[in-house]
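**Student:** Here's the letter readout for the chains.
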Amino acid sequence: MAVCHYLESIEKNKIFTEPEKNRYIILDTETTGLDYKNDQVLSIGAIRIENLEINISDSFEVILQTETAGDKESIAVHGIRTQDVKQGIQRDFAFEQFLYFLQGDIIVGHHILFDKLILSNNIKKIFSIELLNPIIDTFDVAIYYENLVKKRNVIPEEANPEEFSLDNLLNRFRIKSSGRHTSIGDALLTAELFLRMMKKLIQQKNFRIESLIKY
Amino acid sequence: MTSQSLKQRITDFLIKYVPFSYIKEEDLLKLAGTCKIKVVNQGEFIFREGENPPKEFYVIHQGSVELLDEKTNEIIEVLEEGDLFGIAALLAKRSYIFSAKATEDTILYILSYDIFYEYIQKYPRVLRFFSSGFAPGMQQFKKQNISFQDQVLRTVVAHDEVLELRINKNVITAKPDATVQEIAKIMTEKNIGSMIIADEERRPLGIITDSDLRKKIATGKFPITAKARDIMSAPVFTLPPEITATEAIIQMMKRNIRHLVLTQDGTNQTPIYGIVSEHDLLVLHGNNPAVLVKEVQSISSLKTDILRIIREKTDTLIKSYLEQDLSLPFITNTITLIHDNLIEKAIKLAKEKLKEEFPEYPQPPVKFAWLSMGSEGRKEQTLRTDQDNAIIYEDPQEEDKEKIQKYFLRMGELVNQFLVDYGFSECPANIMARNPEWCKPVSVWKNYFRKWIEVPAEKNLLNATIFFDFRVAYGDESLAQELRDVIYKYKNPFFLVFLAKEAATSAPPLNFFRNFIVEKSGEHKNEFDLKGRSIKPLVDAARVLAIDFQILEYSSTIERYEKLKEVDPVNQHIYRDAIDSFQLYLKLRTYFGFKNQDSGRYIKPEELSKLEKQMLKNSFLAIENIQKLLEARYQLNLIRE
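One line per chain: the protein sequences are A and B, in this order.
Heads up, the first sequence is in our numbering, so the first residue is 1 and it goes up one at a time.
Heads up, the second sequence is in our numbering, so the first residue is 1 and it goes up one at a time.
No wet-lab data here; the hints were simulated from the structure.
Calculated pairs, DSS-like style, for lysine-lysine (alpha carbon to alpha carbon, straight line, at most 27 Å):
(1) Lys38/B - Lys199/A
(2) Lys214/A - Lys38/B
(3) Lys14/A - Lys38/B
(4) Lys55/B - Lys30/B
(5) Lys531/B - Lys604/B
(6) Lys150/A - Lys214/A
(7) Lys200/A - Lys36/B
(8) Lys36/B - Lys176/A
(9) Lys319/B - Lys617/B
(10) Lys214/A - Lys151/A
Remember, it's a predicted structure, so these values are computed and weren't measured experimentally.
Construct the entire structure; sequences and hints are all you get.
**Tutor:** Quick look at the structure:
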């Protein structure tokens with residue numbers, strides 16, 4: 001059911017050139033490690049943006065049942081312990097709910113390609129489908145912003161990753177970053193950052209949202 | 001779906017700010033669940049004057065927003081993180097009267113009005129937050145260019161918006177042929193004090209109250225089987241739902257009724273809309289300065305008992321202001337406003353009487369002014385203190401002299417008595433307008449002032465400290481200016497030096513070991529004299545400097561130090577500290593005065609919290625500094641007894 005519903009909404013979805021008409025899912029995951037083929041998603045935090053407004057009542061947060069929360073270094077980063085994931089939500093049920101929530105919306109996040117790939121791989125093991133949503137990387141948005149609004153000439157491949165790290169960007173846009181490193185907390189901060197940049201970009205004549213969208 | 005931790009995060013933010021801090025966390029979580037978040041760019045409008053509000057209001061998460069009047073281009077208020085706005089229009093069911101514009105890039109929380117409205121009704125402190133007029137956009141106190149009275153009266157507008165909340169729309173009615181027994185039973189079950197008798201179409205025919213049951217049934221006048229129509233009071237006084245809270249209170253006071261029945265068109269020919277009880281209104285409005293002032297102004301006859309009640313309500317008001325930790329100038333200005341209105345009322349009533357007693361003078365024969373002296377003159381009254389007042393009038397023609405003096409003495413006598421009736425006790429030193437010595441024409445007053453300045457003997461200095469803090473509470477300001485000119489013109493250098501010496505050598509508050517110096521004997525043994533050792537030195541110093549810098553028309557100690565900061569900028573940090581300390585002392589005095597039911601002059605050091613003790617001790621440095629300033633300025637070290 002969930003799969004059908006999801007594929008249908010992917011089918012129906014179309015991208016508008018007016019940024020305020022699109023729906024976005026701001027997303028962050030915590031994982032057992034950085035190998036998207038073999039590691040596991042531990043938690044998902046996601047919030048929908050509609051009419052360029054974040055809606056708290058339209059958000060999604062789950063800790064998934066897993067054998068282990070990863071090695072010591074990963075646990076130190078995400079703070080989810082093995083005992084937490086043992087009590088997590090059953091994976092098939094959790095992903096089913098996630099697909100219901102996600103629909104065909106544009107997925108947005110910082111270095112979002114990794115989240116999309118690992119989610120896609122995890123979901124594929126259960127439902128034999130891949131995630132097909134378009135994505136926008138806030139890393140790219142920040143560089144785009146720098147070029148369009150600040151009139152610099154930054155090439156994405158040559159950009160200093162430190163300069164465009166999430167922490168640095170939150171700092172620059174004066175978004176108070178309490179509660180970092182839970183996936184829902186990071187998703188909210190990323191959502192605020194995304195809106196800040198979008199609000200400024202919209203005012204630019206040459207702004208094209210399509211140029212930020214990847215698949 | 002909603003993430004629990006996001007709701008928690010919004011709640012954790014909101015709970016830090018008034019009025020959300022008054023709401024239980026579980027309720028806030030529910031409100032947070034409806035939250036939307038929006039980013040606005042600097043310069044972007046959030047809403048415009050005249051637009052109709054959606055059922056949502058705003059809280060600033062980050063950034064700042066200004067409310068502005070686009071017609072006059074005037075900024076009404078600048079709001080910061082945690083401030084809420086856009087709700088006044090919803091409460092009043094009207095369009096926005098101001099525009100809201102982001103003054104920097106801002107993140108806004110948008111919250112559901114419907115849920116919050118439940119909490120306004122559920123939590124009395126939240127309701128009070130809106131009714132007291134301190135919510136953003138509901139007050140204009142930050143405007144400097146309108147009089148305090150106007151500012152307070154304007155809050156009536158804001159404050160009346162909440163009457164709607166107090167209307168009980170589930171009115172229980174009974175038919176006119178119900179028996180008294182049935183009615184009494186329902187009233188007991190529902191725990192209500194009165195019952196409206198209405199016809200089939202819910203049009204009000206009459207009302208039966210507790211007291212009707214007592215007076216008419218319990219006395220045996222009517223049997224318990226009597227019908228409602230036999231004992232009800234009819235017709236019912238009705239008003240339309242659009243009346244304001246202030247009007248509602250005034251109508252109740254005028255008619256001596258405890259409930260107001262509102263009908264759809266205000267007559268008893270349309271169905272009942274709702275009912276407002278005096279109790280509910282007083283919970284909400286009894287403590288509002290605007291209502292108190294309006295009440296004073298609306299009373300037409302000699303109802304001294306009502307005016308006394310108003311004076312008592314002022315005490316309640318002050319207590320709640322202290323609890324809310326409002327600024328001291330705000331508190332004292334409010335009291336002064338109410339007192340001045342009471343004085344004005346007393347003078348108007350006296351004038352009516354004088355018309356009869358002096359038929360040849362239907363109006364006061366010459367210009368006059370009612371002067372308030374001492375702390376009332378400085379607008380520093382918080383607790384009830386004695387009357388200190390005087391009358392000054394224009395010099396009359398030689399032949400009318402006696403008659404006119406008689407007229408004003410009588411006025412003094414009448415007003416002093418009215419004020420006693422309102423609850424202001426007499427001055428033990430008889431510094432009152434009824435005293436022939438203090439009810440004089442301008443020329444005599446000028447001579448007094450000149451003499452006190454020219455001959456700084458002890459008694460004259462004392463008079464100067466009392467009378468130079470005068471203020472026109474009612475009447476002609478130009479007469480007062482003539483007196484001030486005397487003070488400025490007759491510059492006896494010794495006068496200022498003597499006055500400064502008095503101020504600089506008053507009793508120190510701390511001993512060598514940095515402990516409070518307490519009274520060694522007498523009724524207040526082991527108590528600290530807050531007035532003598534802390535308040536008085538600052539008041540005295542401000543007065544000397546105000547005379548010296550010719551800024552005596554700034555009548556309160558705080559205003560004087562504020563002005564001194566401008567005219568003597570070199571020492572502005574000393575004046576600033578003096579203001580802070582003075583506010584602390586007066587607040588403590590008021591607080592302990594209420595607590596111990598006395599003048600608040602003496603406090604027991606052990607009654608102070610650790611923090612208060614520390615704050616007090618730190619504040620004494622301000623006294624030391626101001627006294628050093630006086631010593632240097634007037635070279636007091638050269639004077640020896």
